[in-house]
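**Student:** Start counting the sequence shown at 1; every next residue gets the next number (my numbering).
By construction, these hints were calculated from the structure, which means they are not laboratory data. Note that beta-carbon positions come from the ideal geometry of N, C-alpha and C, so glycine has one too. Do not take every clue at face value.
Estimated spans, in silico, between C-beta atoms of each pair [to be verified]:
| no. | residue 1 | residue 2 | range |
| --- | --- | --- | --- |
| 1 | Ala39 | Val111 | 37 to 43 Å |
| 2 | Val111 | Arg31 | 44 to 50 Å |
| 3 | Asp17 | Asp136 | 26 to 32 Å |
| 4 | Gln147 | Gln62 | 33 to 39 Å |
| 5 | Gly186 | Glu50 | 42 to 48 Å |
| 6 | Thr3 | Phe119 | 24 to 30 Å |
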Amino acid sequence: MSTPISETQFHESEGVDDWRAVFWGACAVFRTDDYATAAQFATSIAEIAEELGHYPDIDLRQGTVAVRTGSSNLSDRDVILARKVSAAARQLGLDADPGNVQHVQFTFDVVDGEPIKAFWEAALGYEREGDDDLVDPRRSSPPVWFQKVEHHQLPHNRIHVDVSVPHDVAEQRVNAILGAGGRMLGDKHAPAWWSLVDAEGNVVDIATWQGRE
């Protein structure tokens with residue numbers, strides 16, 4: 001049995017300094033010098049997962065290995081997993097790169113969500129996850145969240161991008177967007193999220209786990 005924990009409890013746990021809570025769990029990115037070491041690290045993670053019976057997502061690329069807890073809600077099992085993965089990384093001399101952690105999802109504003117969900121479920125080949133989400137069964141593409149809103153008149157920007165980033169790099173990301181010509185649409189919900197808009201009205205929310213509990 002696992003015990004659910006909050007993002008705050010996760011970050012207050014010992015041995016998880018390499019990790020950052022984002023949407024859909026916690027993630028760590030480790031830098032690797034060569035592909036063989038990255039593969040060795042991935043094998044170590046697989047062994048840890050089998051030992052714990054708790055399976056993270058592993059994204060192995062040239063130069064990095066990203067590890068994400070395998071469930072959308074954090075638990076005490078994720079703390080144990082994070083500690084063991086970080087210990088395996090240290091044994092191989094790998095450094096974490098928390099600033100490169102992020103999670104992207106697409107958000108639709110919907111009045112009547114059911115027909116919209118059915119449409120995008122068929123279009124993307126995704127599966128339902130709870131009442132409000134569609135997820136890639138291959139776990140390789142961004143999820144889609146359907147946000148209930150009050151009735152509005154068309155035309156309306158009804159889709160935006162959510163970028164969930166570590167709490168300690170969020171303002172840097174916001175400033176980078178402003179420096180690239182973006183405009184602040186609203187920051188009253190910060191640090192939970194900042195809404196920014198590009199020159200043609202497309203919206204991105206830069207989001208963190210903070211300010212939600």
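**Student:** For which of the previously enumerated hints does the structure constitute a violation, in increasing order of number?
**Tutor:** When the structure is compared with the hints, numbers 1 and 6 turn out to be violated.
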